[in-house]
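Undergrad: Protein chains in written order, with numbering that gives the first Met the number 0: chain A, 0 to 237; chain B, 0 to 327.
Rather than coming from a laboratory, the hints here were simulated on the basis of the structure.
Be aware that one or more of the hints could be misleading.
To be verified - Below, a list of computed lysine to aspartate or glutamate pairs in the EDC-like style, where the Cα atoms sit at most 16 Å apart: (1) Lys293(B) - Glu218(A); (2) Lys214(A) - Asp292(B); (3) Lys189(B) - Glu155(A); (4) Lys133(B) - Glu205(A); (5) Lys203(A) - Asp124(B); (6) Lys215(B) - Asp243(B).
What the hints assert, rightly or not - Footprint (simulated), chain B over chain A, 3 or more residues, beta carbon under 8 Å: (7) 2 to 16; (8) 79 to 91; (9) 144 to 152; (10) 200 to 211; (11) 230 to 237.
Claimed, not checked - Output of the computed footprint for chain A on chain B, the stretches with three or more beta carbons under 8 Å from beta carbons of chain A: (12) 112 to 125; (13) 141 to 150; (14) 300 to 310.
Note that this is a predicted model, so its numbers are computed, not measured.
Using N, Cα and C, we set each Cβ at its ideal position, and we do this for glycine too.
Below, each chain spelled out in residue letters.
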Amino acid sequence: MDVRFRITADGTSLDETGLKFDLNDFDAWAVEAALRLKEKAGQGEVVAVSLGPDTAQETIRKALSMGADRGIHLKTARVPFDGFAIARALADELKGGSYDLILFGKMSPDSSNGVVGAIVAELLDLPCVTAISGLEINDSRGTARRDIEGAQETMEFPLPAVLTIDEGLNTARYPSLKGIMAAKKKPLEVKPIDLGDTAVNVQKLELPPERAAGKIIGEGAAAVPELIRLLQTEAKVI
Amino acid sequence: MANVFAYAEARAGALRKVALETVTAARKLADQTGGEVHALLVGAPGISTSAEQLGKHGADVVLVCEHDAFAQYNPEASAALAAERIKSGGFRAALFATSAQGRDLAPRVAAKCGVGIVTDVTAVDLAADTVIVKHPINIGKVIATVAITSTPAIVALRPNIFTPEPSAKAGRVENIQPMGDPSASRVVVKELKTGGGGKLDLAEAPVIVAGGRGLKAAENFKLVEELADAFGNAAVGATRAVTDDGWRPHSDQIGQTGRLVSPELYIAVGISGAVQHLAGMRTSKTIVAINKDKEAPIFKVADYGIVGDVFEVVPALTAAVREARKGH
Numbered sequence: 000m001d002v003r004f005r006i007t008a009d010g011t012s013l014d015e016t017g018l019k020f021d022l023n024d025f026d027a028w029a030v031e032a033a034l035r036l037k038e039k040a041g042q043g044e045v046v047a048v049s050l051g052p053d054t055a056q057e058t059i060r061k062a063l064s065m066g067a068d069r070g071i072h073l074k075t076a077r078v079p080f081d082g083f084a085i086a087r088a089l090a091d092e093l094k095g096g097s098y099d100l101i102l103f104g105k106m107s108p109d110s111s112n113g114v115v116g117a118i119v120a121e122l123l124d125l126p127c128v129t130a131i132s133g134l135e136i137n138d139s140r141g142t143a144r145r146d147i148e149g150a151q152e153t154m155e156f157p158l159p160a161v162l163t164i165d166e167g168l169n170t171a172r173y174p175s176l177k178g179i180m181a182a183k184k185k186p187l188e189v190k191p192i193d194l195g196d197t198a199v200n201v202q203k204l205e206l207p208p209e210r211a212a213g214k215i216i217g218e219g220a221a222a223v224p225e226l227i228r229l230l231q232t233e234a235k236v237i
Numbered sequence: 000m001a002n003v004f005a006y007a008e009a010r011a012g013a014l015r016k017v018a019l020e021t022v023t024a025a026r027k028l029a030d031q032t033g034g035e036v037h038a039l040l041v042g043a044p045g046i047s048t049s050a051e052q053l054g055k056h057g058a059d060v061v062l063v064c065e066h067d068a069f070a071q072y073n074p075e076a077s078a079a080l081a082a083e084r085i086k087s088g089g090f091r092a093a094l095f096a097t098s099a100q101g102r103d104l105a106p107r108v109a110a111k112c113g114v115g116i117v118t119d120v121t122a123v124d125l126a127a128d129t130v131i132v133k134h135p136i137n138i139g140k141v142i143a144t145v146a147i148t149s150t151p152a153i154v155a156l157r158p159n160i161f162t163p164e165p166s167a168k169a170g171r172v173e174n175i176q177p178m179g180d181p182s183a184s185r186v187v188v189k190e191l192k193t194g195g196g197g198k199l200d201l202a203e204a205p206v207i208v209a210g211g212r213g214l215k216a217a218e219n220f221k222l223v224e225e226l227a228d229a230f231g232n233a234a235v236g237a238t239r240a241v242t243d244d245g246w247r248p249h250s251d252q253i254g255q256t257g258r259l260v261s262p263e264l265y266i267a268v269g270i271s272g273a274v275q276h277l278a279g280m281r282t283s284k285t286i287v288a289i290n291k292d293k294e295a296p297i298f299k300v301a302d303y304g305i306v307g308d309v310f311e312v313v314p315a316l317t318a319a320v321r322e323a324r325k326g327h
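So here's chain A without its partners, still in its complex pose (with noise of 0.2 Å):
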């Protein structure tokens, strides 16, 4: 769907009158990584964290639909910008847990920084691979494939570890009517916080300058010439 997005009026945040929020595709694969493996080992607890305002609820809502057995929201009046600020409330939560993994989207569309499952990591000590494709865990060691430039890194890590899920490693569960039914009755645990100082603020939102209208040159092999002569004259890239 193409939304268009409205900045609010002191120009800091956007308005979000009419905006639907849902769990991202990067989080909806990380969800289906740990219900896969606790299928697998056929035991365990799945459990869905959540940080922001209520909306946040929703996006717990549907983990939990997919199967997910609990989930915990960290109550917040707004998502900082800060990463790092997000990242210290989620490891001051998550310490306690006994995780044997961590599993974090390799980062939300809405902030695009991708910076929070590696702080995490690192408040917690524990060791991390980020952005991952390809995943096998046996016992206490896991191998995990990363998509980097022209290339791919195949890494290894002891568990407990907190990993970042890119595209290609699975495909999410669409939820069942009887997953949604089940998900109402599921714990979800509320937990207001204080995210205390953030060092990275915005101060000021825009929207980006428009690309000059497009323009078409012609159809069909006729207009490769045309375009030859764009190429080398005006843009000047061959």
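We have chain A; now place chain B onto it with these hints.
TA: Relative to chain A, chain B alone:
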């Protein structure tokens, strides 16, 4: 006076282009403060031969750490070393690349230093004591101007935005020791498999030829590959529809959940231009689109559009590019 730190990214013994972009951007910041640029270069023994390049692009000091355990990317040992240097050096800002390695490393360093970080930055500036950056959010539909008030500020730059520029500085090499034993890292690269064939990477290629569903079948991607070959400096990309169907690997995907690219020239072949795809390539300098549907949204962002059958237009374009580049 405040110095600027630059992480000079290398892989498998060779400096990457983003290293020169990072040092160039660091030089510009340091010129504002009257400070120095200190670049950090880690690698297997022999990596120090790349230090000269960093000096030529504006590094006053090149901190070189050579160790066998740095032959491959070593996230834990690299982060420990970078954080230690950054904490001890009185830096206003520490710059990294928003590459696979930089995206992994920079947040680790931010955590160890306990400071603010912004990645995928398209502009960086100083205002009094604050580092100000621009960063596209919400799949590139909104540009945020962000103030980082911590000292230092950790900033990861979007590749291909900060063009490497020569700025001859001393590039004085200082050999440094790793922190602890870098062979003892918990996370270890076991294998690095390269794509083969000297294929250029999407993040670094000045020209990208990308294909979509309009190519109809995986085997027709050879049209895209041949056009890329004709340019000699082009990488091949794809839409999500194409990578989901397995015609191309996921690592070739350009768009919201894939790669964000900004080449000099982007040629979209048989791509309709879904908003998720546009999010990944709309900052390209020149966009060419070839599509049979003249109503396709890709034509709204294309500087030059050709309406036509890709199976007719692309081979003609390949031949014409070969002809135009003769003698190159």
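Undergrad: With reference to the structure, classify each hint as holding or not holding.
TA: So, going through the hints one by one against the coordinates:
| no. | hint | result |
| --- | --- | --- |
| 1 | Lys293(B) - Glu218(A) | holds (9 Å) |
| 2 | Lys214(A) - Asp292(B) | holds (14 Å) |
| 3 | Lys189(B) - Glu155(A) | holds (7 Å) |
| 4 | Lys133(B) - Glu205(A) | holds (10 Å) |
| 5 | Lys203(A) - Asp124(B) | holds (15 Å) |
| 6 | Lys215(B) - Asp243(B) | holds (14 Å) |
| 7 | 2 to 16 | holds (count 5) |
| 8 | 79 to 91 | holds (count 5) |
| 9 | 144 to 152 | holds (count 8) |
| 10 | 200 to 211 | holds (count 10) |
| 11 | 230 to 237 | holds (count 5) |
| 12 | 112 to 125 | holds (count 7) |
| 13 | 141 to 150 | holds (count 9) |
| 14 | 300 to 310 | holds (count 9) |
Hint compliance for this structure: every hint is met.
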